[in-house]
Every structure is written in structure tokens, then in C-alpha cells.
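Asker: What follows is each chain in one-letter form.
Protein chains: 2
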Amino acid sequence: MAGGPLEGVRVIDLTSVVVGPLCTRILADYGADVIKVESPTGDLGRNIGGRGRTENMGPKFLHLNRNKRSVVLDLKKPAGYAALMRLVAGADVLLWNVRPDSMQRMKLSYEDVRRVNPRIIYCGMFGFGQGGRYRSKPAYDTIIQGASGVSALMHRSFGDPRYVPIVMCDRTVGMVAVQMITMALFARTRTGEGQSIEIPMFENMAAYVLDEHMYQATFDPPVEGAPTAHGGTGDPRLLSPDGRPLPTADGWICVSANTDAQAFGFFRAVGRPDLIEDPRFCSVSARHRNVRDYFAFRIEALKGRTTAEWLDIFDAADVPAMPYHTLESLLEDAHLADVGFFEWVDHPTEGRIRNMRLPNRLSGGVREDYRPAPKLGQDSREILSEAGYSPEEIDRMLAEGVTRARG
Amino acid sequence: MAGGPLEGVRVIDLTSVVVGPLCTRILADYGADVIKVESPTGDLGRNIGGRGRTENMGPKFLHLNRNKRSVVLDLKKPAGYAALMRLVAGADVLLWNVRPDSMQRMKLSYEDVRRVNPRIIYCGMFGFGQGGRYRSKPAYDTIIQGASGVSALMHRSFGDPRYVPIVMCDRTVGMVAVQMITMALFARTRTGEGQSIEIPMFENMAAYVLDEHMYQATFDPPVEGAPTAHGGTGDPRLLSPDGRPLPTADGWICVSANTDAQAFGFFRAVGRPDLIEDPRFCSVSARHRNVRDYFAFRIEALKGRTTAEWLDIFDAADVPAMPYHTLESLLEDAHLADVGFFEWVDHPTEGRIRNMRLPNRLSGGVREDYRPAPKLGQDSREILSEAGYSPEEIDRMLAEGVTRARG
Numbered sequence: 012m013a014g015g016p017l018e019g020v021r022v023i024d025l026t027s028v029v030v031g032p033l034c035t036r037i038l039a040d041y042g043a044d045v046i047k048v049e050s051p052t053g054d055l056g057r058n059i060g061g062r063g064r065t066e067n068m069g070p071k072f073l074h075l076n077r078n079k080r081s082v083v084l085d086l087k088k089p090a091g092y093a094a095l096m097r098l099v100a101g102a103d104v105l106l107w108n109v110r111p112d113s114m115q116r117m118k119l120s121y122e123d124v125r126r127v128n129p130r131i132i133y134c135g136m137f138g139f140g141q142g143g144r145y146r147s148k149p150a151y152d153t154i155i156q157g158a159s160g161v162s163a164l165m166h167r168s169f170g171d172p173r174y175v176p177i178v179m180c181d182r183t184v185g186m187v188a189v190q191m192i193t194m195a196l197f198a199r200t201r202t203g204e205g206q207s208i209e210i211p212m213f214e215n216m217a218a219y220v221l222d223e224h225m226y227q228a229t230f231d232p233p234v235e236g237a238p239t240a241h242g243g244t245g246d247p248r249l250l251s252p253d254g255r256p257l258p259t260a261d262g263w264i265c266v267s268a269n270t271d272a273q274a275f276g277f278f279r280a281v282g283r284p285d286l287i288e289d290p291r292f293c294s295v296s297a298r299h300r301n302v303r304d305y306f307a308f309r310i311e312a313l314k315g316r317t318t319a320e321w322l323d324i325f326d327a328a329d330v331p332a333m334p335y336h337t338l339e340s341l342l343e344d345a346h347l348a349d350v351g352f353f354e355w356v357d358h359p360t361e362g363r364i365r366n367m368r369l370p371n372r373l374s375g376g377v378r379e380d381y382r383p384a385p386k387l388g389q390d391s392r393e394i395l396s397e398a399g400y401s402p403e404e405i406d407r408m409l410a411e412g413v414t415r416a417r418g
Numbered sequence: 012m013a014g015g016p017l018e019g020v021r022v023i024d025l026t027s028v029v030v031g032p033l034c035t036r037i038l039a040d041y042g043a044d045v046i047k048v049e050s051p052t053g054d055l056g057r058n059i060g061g062r063g064r065t066e067n068m069g070p071k072f073l074h075l076n077r078n079k080r081s082v083v084l085d086l087k088k089p090a091g092y093a094a095l096m097r098l099v100a101g102a103d104v105l106l107w108n109v110r111p112d113s114m115q116r117m118k119l120s121y122e123d124v125r126r127v128n129p130r131i132i133y134c135g136m137f138g139f140g141q142g143g144r145y146r147s148k149p150a151y152d153t154i155i156q157g158a159s160g161v162s163a164l165m166h167r168s169f170g171d172p173r174y175v176p177i178v179m180c181d182r183t184v185g186m187v188a189v190q191m192i193t194m195a196l197f198a199r200t201r202t203g204e205g206q207s208i209e210i211p212m213f214e215n216m217a218a219y220v221l222d223e224h225m226y227q228a229t230f231d232p233p234v235e236g237a238p239t240a241h242g243g244t245g246d247p248r249l250l251s252p253d254g255r256p257l258p259t260a261d262g263w264i265c266v267s268a269n270t271d272a273q274a275f276g277f278f279r280a281v282g283r284p285d286l287i288e289d290p291r292f293c294s295v296s297a298r299h300r301n302v303r304d305y306f307a308f309r310i311e312a313l314k315g316r317t318t319a320e321w322l323d324i325f326d327a328a329d330v331p332a333m334p335y336h337t338l339e340s341l342l343e344d345a346h347l348a349d350v351g352f353f354e355w356v357d358h359p360t361e362g363r364i365r366n367m368r369l370p371n372r373l374s375g376g377v378r379e380d381y382r383p384a385p386k387l388g389q390d391s392r393e394i395l396s397e398a399g400y401s402p403e404e405i406d407r408m409l410a411e412g413v414t415r416a417r418g
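Quick note, the sequences are listed as chains E and F, same order. Numbering follows the working numbering, in which position 131 of the first sequence is assigned residue number 142; successive positions increment by one, without gaps. Numbering follows the working numbering, in which position 376 of the second sequence is assigned residue number 387; successive positions increment by one, without gaps.
Only chain E is shown next, with the shape it has when bound in the complex (with noise of 0.2 angstroms):
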């Protein structure tokens, strides 16, 4: 057993890339027994997510799939097909990431999984709600992106329609599942019974933008003296182009000055005192109101010392800042190396990896025995076995391809 707080919950994972492997990668780095149904192909995600070691290897595989086990199941079998149902049978959440009309002609609907087990969590990640005219269409991040404003706020921001150079949605949405899945697995000993759990990307992101950015758009009818551009749509201060790391003289530095003592420090830091009692920036309200003054003030303010100097300036002055890192001083980052976040592992088959350890702390423990990712079909003997497979059985699999051992 693996330890933390989903020991001992089996999850049936037929997703690919990323949405459907992040969510299972967090079951299973706390604990959850994470079954990865590969075609024989195999997900994906494990050649577009860049060049690995070996073939079907590849970074970011690496880092999505690790603490799970592999099993290849040609599920256009009717050996595959029925293999899958047994896992089923055993599992507690069975989670999917494509079309529900692909379910439900791969004869994987709610209800043909849940005659096999009533108790289990039948959880779909896809694009659109099955109620509006998207249902049918395909989804990825970025089309999911531009269609849930957040290309828009880039645009607004930035003067250009733009993506977020992360796969924020796919992310996002793959944490919501956790969140459907856990909150499930809870509410399940309560009533005894599984459930099922639709979770549209498009819907999530319209959320996620809104619940920031509807903004004055949430009045009918508008405020009295707020702003209407836009239909009062988005947050000036976040929109706000000066909104920034500031330049100094050696790079970029990231100071979030809100309050008024963190304000008034920053203005005495930098040499300007007499700000404090100017009547644009004397107070956390007039600082909203004079956000562009107060930013455009900050970032020609800086100029004249290193980032080093000006975090120690401001780590006295408990003014909130921060180092303006790029990715590899990120790895290099002291704090980081305090607290052990990379350890180097050796992977079997892929050498020397680094891996990320858990970031939370959970006094009750977490999952101990970390598995390093795994290849093709590396488990499909043994997961077949324990689903009550004889070895005959299996090698009958293995030779007409409703299964593979080793990618």
C-alpha cells in the first residue's frame, strides 16, 4: 500500500495528454492505485510533450505519469473490451477525457459501466455541456482558451490576442476532476453509492475568467459611476499595461505594494517620502482609482539598483517581493533547495530524471513508494493477473495484440 489520504482507491484512467494524466497523477501522488489503459499505441502524451531518452518517453510524460501503472488494452477487442470491464468491476472511479457519443459507442456509458459496478464514480471530462449546440465539437486548450476570454484578456492587456503559454485550461480542468472525484469518493460513505460526473472545459473556463472579470457586468443595471467600456467587463488593476515586473538595474523584480503600510514603505524605499501624502496615492482606494499613475510611477523606479539590493531593501521594509526568475534560475532557486522541492531520481529505463516532490504537507502522510513513470504496457501482466487472468490467459492476450508487456 502506498500510504496518504486515497490509499487504497483504484482508479481505471483512460485518458491521454494532459487533462485526464494530470488529474490522475494527483490521485495517485496521494495515494490512489492509478490503472493508465493504454491503447497499443499508447497515450499521446507520451511522444508530443518533447524528445525523451528512450522512444514513448518523453518529459512531460515523465512528469504527468509517474506513481501510476500501465496497461495496454485494444479496446476494439472484445477480449480487450471485456478485460477493461473487469477492471471496472474492481475499481472506485473510472475517469475518461474523450466525446460522451465515443462512450457511448464504445459501449463505456454510465449505464453499461454501472451494471458491471454500482458503486463506482463515472467521471467525463469534455469540451461543451451536452445541453447547448457545442456538444459535438472537439476541444484542446487553446480553442478553449480564445473561446473563454482568456485570449481576451490577453488582448486587453496587451494591445494582441494571445494564449497563455501554459496549458491552463487543460490544468485547470484537470484539477476540477480531482476536486468532483474527491468530493464523490466522500459523499459515497455516506450513501453507499457511486455517481456519475460531467465536467465540461468550455463552462469551467467561462467560470474561472467571470468570476474575476465579469466585473461591473454582474449589475443590472450598472452601478452609478462605474466603469462601462467594455460592458464593465474585466478588472482595470489587473488589465492595467503597466501592471508588471518592474526593470531595475541588472533585470526585473516582482513587488506587490497594496496596503497602505506596504505602500508607504515602497514610496520611503525608493526615495520618495512626500507620495505618501499625495492625494492620488495616500490610501489603498485612491491607489484603485490612480491604479495606471500608481503603476507607471513603479516601473521607472527601480532603475537605479540591482534586484539584489532592492529585495534586500524591501525584505526590511516587509514590502512583498519577490525575484523575477526565468526557468532555469527557477531551478536554482535557493528556497526551493532548502526545502528539497527537485530530487534527482534514477528511472529504470530513462537514467537520471528530476523530479518534483509533493509541495503540500499532510501531517496524516502521503503516498511514500514514488514509482517512476511508466513505460508501455510495463504492468499489463501483473494488472491482468490481479484482475484473475492466468498466465495462459494472458499469453493468449499478448500473441493476438489485445494486450502488450513492454512498449
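No lab work stands behind these hints: they were computed from the structure. A portion of the hints provided could be inaccurate.
[Said to hold, decoys possible] Covered stretches of chain E (in silico footprint by chain F; criterion: 3 or more residues with CB under 8 angstroms from a CB of chain F, positions within the stretch not fixed):
| id | stretch |
| --- | --- |
| 1 | 92 to 104 |
| 2 | 223 to 236 |
| 3 | 330 to 341 |
[Stated by the list, open to error] Here's a subset of chain E near chain F, in silico, CB distances under 8 angstroms, partners left out:
| id | residue |
| --- | --- |
| 4 | Gly143 |
| 5 | Ala150 |
| 6 | Ser168 |
| 7 | Met179 |
| 8 | Thr193 |
| 9 | Ala198 |
| 10 | Val220 |
| 11 | Thr244 |
| 12 | Leu249 |
| 13 | His299 |
| 14 | Asp304 |
| 15 | Phe306 |
| 16 | Phe352 |
| 17 | Trp355 |
| 18 | Met367 |
| 19 | Ser374 |
Predicted, not measured: the structure shown is a model, and the values here were computed from it. Even for Gly, the Cβ is constructed at its ideal location relative to N, Cα and C.
Given the coordinates of chain E, assemble chain F onto it according to the supplied hints.
Answerer: Same frame as chain E, now just chain F:
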């Protein structure tokens, strides 16, 4: 009772602004009874998220605090602290987001709280792991973006270090807290014990960025032939400056053509079927290798027709495509109307407000009794009465400024 998977779970919420309130809003949306404990001046988030119709009721606050109840307690007064401890005694979860030493000073450490309620899940969100040198630093969304590599991604993609104009670190860490709390609730059904959970923003965001963008820096020694610029960090596909919404005759459109079928459909749709045979573009791996050329071609290809025309063409060809939405057009999206995503509700004090329904469907049901976001101290009498205080005692607490009954 509210309904939903977390029905009957009682959460004492000491948090403010975004990261904590988002976490407890999600818990509340799925059935938890969230008691928002506010100081006599209230959650700072009541006023910094846009102008409201009445004092302390800004639009962002309304979205992040629905389905909660508000009690005012001055925790600096012994009677306020005593009342909090009574609430804690009957609760399942205590959530906080100040620096850990502040919790110590307030006599609210895990040891203090556990003495009153050993089953409690004690969950803290703060900037930095307590084993590292940044342990005492304050944290805000932007400076964590800058320190965790989010700004570096923007820099590499757009040429300038910038923040993403949404509080993505706050939102991500709030979602992590939901995961940790629901996992701990589940674990408690088996162990009977609560636990303490520590969630540092910086470490969580470093993992968020580096899962995807550690990339070739995962390997030691480097993989032969893999890119080595920037120490091997960064997915060139996501960072490609031409990976963006594509201009059309009247605006932009979002297209994601990844598989061969999708890319070839795209080439045919734009009148360039010859590119199907082009060695730069004829396979997934070829397009990955030549991603800059591929993206540069796409960005010039769609200027001859309108977005609506292209959407019809791509839908017919099963090429994933979505409209590029502004925040205003997102509010009018036809699919969101189909699924009833937005609803106008009458807030008892704030007039008609636009609420967003829950994006996810759970066959076991979700919370049924929508509660609009509370005025400051709106539920003080009710909550203190539930905790066993008599009306006379509550009157005394009001007179002494230990609580407030309505803001």
C-alpha cells in the same frame, strides 16, 4: 440541508480576498456549510474587486462568496476568540491564509485547535514552505507569478516579462486547497482522525509551471539532439510566438489542428491540399519539428473569410475551431445560453445580479439552495445562537464590539 456531496460538512473560513474565498466558495457550491469569519471591518475582498451597489459588496466579492454565511468576530478580544473556539469545536474544517507565525500569535496553531477538536481538518495556505528561507515572506498572486516562472513564460513568448492578467496563482492554490480538504475528509472516514495541511503557493506554482516546461532540463545528462537553449527548459510549441488566435476578415478565430486528419482538413479548407504532401507538414512529428513554419503559415491563411464562414467550414471538416470571444461576447454566447449557464437572480440588497450556475453535473445532485453573498455580519446572530449563545449574551457581544450584526 443544502444537498450535494459535501452536505453537512461545516467549514470555518478565516480567509480573505481570493485564494481562500475561492476554495470555500467551491466547498459551499457543493454543499458545505461555510461560516465566513470576518473582522469588524470585513474581508478586504469586499471592496477591492470593483464598485458595488452598496458598501462592502463589490462584484468580485459577490461571485466568490455566494452560498456562505458571514459572522463578525473580533479575534483580538477574548470573547471573540472564545466564540471562534466554540465554532471550531463543532466544525469539520478550519481554513486560514495568513503567515503561520500569525496563527501562532493568535493562539490558533494546529495544537491549539486540535485540543478543542481532534477531528478537525486544519488547512493553511501561505506563500512558502516553512522549511525554506522565504518562510516569512509575504505572498501575493503577482509576485508568485514572477517567482514561479509564469512571467518568464510570457517573456519568452512575447518578448517582455509580464503577468497573466488573472490571479492564476491564487486560483490554482485555492483549487489545490479544495483537493487537499476533500481528500482529508475522505481519509477521516477511514481513520477517524483529522490532520493539518500546509499549502505553500510558491512550491505549488513552481510545480504547475515545471510539469510542462521543465522539458529537457528533466534529464541529466541531456538527451542527445534535444534543444539546449535556456538550459533545455520550455516547450517550444507552447512558447511559439505565432501560436495565437488567427486573424480572419472580421476578427479572430481559434483553431487547433493537431492530428493528421485535423491538419489535412485545415490544408484542404484553406485551399492548400498540396501541403498534405509537404515534408515539413505531412505528419504530427514533422509539424512539431517545424512548428514555427506551421504556425506562421496558419496565421496568414484565414484572412480571406469571416470568422463565421470559417467556423462553418471547420465544423463541417471536423477541424477543432472556436470563436474568439471578448468578455462581452462571452456573456452572449449561444451555447452558454442553451445550457442556462447565466441566470439573473435578485439579491436581497444588491438588486439584480448575474450569477453563474455550476458548470459540472453530478448525478448524485449538487447544492440546491442558492444563497446570495452575505452582507458583513449578516448571519452573526444565527451562527452565535447555533453555537449556544443566548440572545442576551449576543446582545452583550454586540455592545462590546465583539461581533456586528449587519454591515
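Asker: None of the hints should be skipped; say for each whether it holds.
Answerer: Consistency of the hints with the structure:
1. 92 to 104: violated (count 0)
2. 223 to 236: Coverage by chain F holds for the stretch 223 to 236 of chain E (12 residues, Cβ < 8 angstroms).
3. 330 to 341: holds (count 10)
4. Gly143: Cβ of glycine 143/E sits 4 angstroms from chain F, so the hint holds.
5. Ala150: Interface hint status for alanine 150/E: holds (7 angstroms vs cutoff 8 angstroms).
6. Ser168: Cβ of serine 168/E sits 4 angstroms from chain F, so the hint holds.
7. Met179: 7 angstroms, holds
8. Thr193: For threonine 193/E, the interface hint holds, since the closest Cβ of chain F sits about 4 angstroms away, which is under 8 angstroms.
9. Ala198: Nearest chain F Cβ about 4 angstroms off; hint holds.
10. Val220: Hint holds; valine 220/E Cβ to chain F Cβ min 7 angstroms, cut 8 angstroms.
11. Thr244: 4 angstroms, holds
12. Leu249: Given a least distance of 5 angstroms, the restraint on leucine 249/E holds.
13. His299: With a closest approach of 7 angstroms, the histidine 299/E hint holds.
14. Asp304: Check failed: Cβ of aspartate 304/E comes no nearer than 17 angstroms to chain F, outside 8 angstroms.
15. Phe306: 11 angstroms, violated
16. Phe352: At 6 angstroms from the nearest chain F Cβ, phenylalanine 352/E passes the 8 angstroms test, so the hint holds.
17. Trp355: 7 angstroms, holds
18. Met367: 5 angstroms, holds
19. Ser374: 4 angstroms, holds
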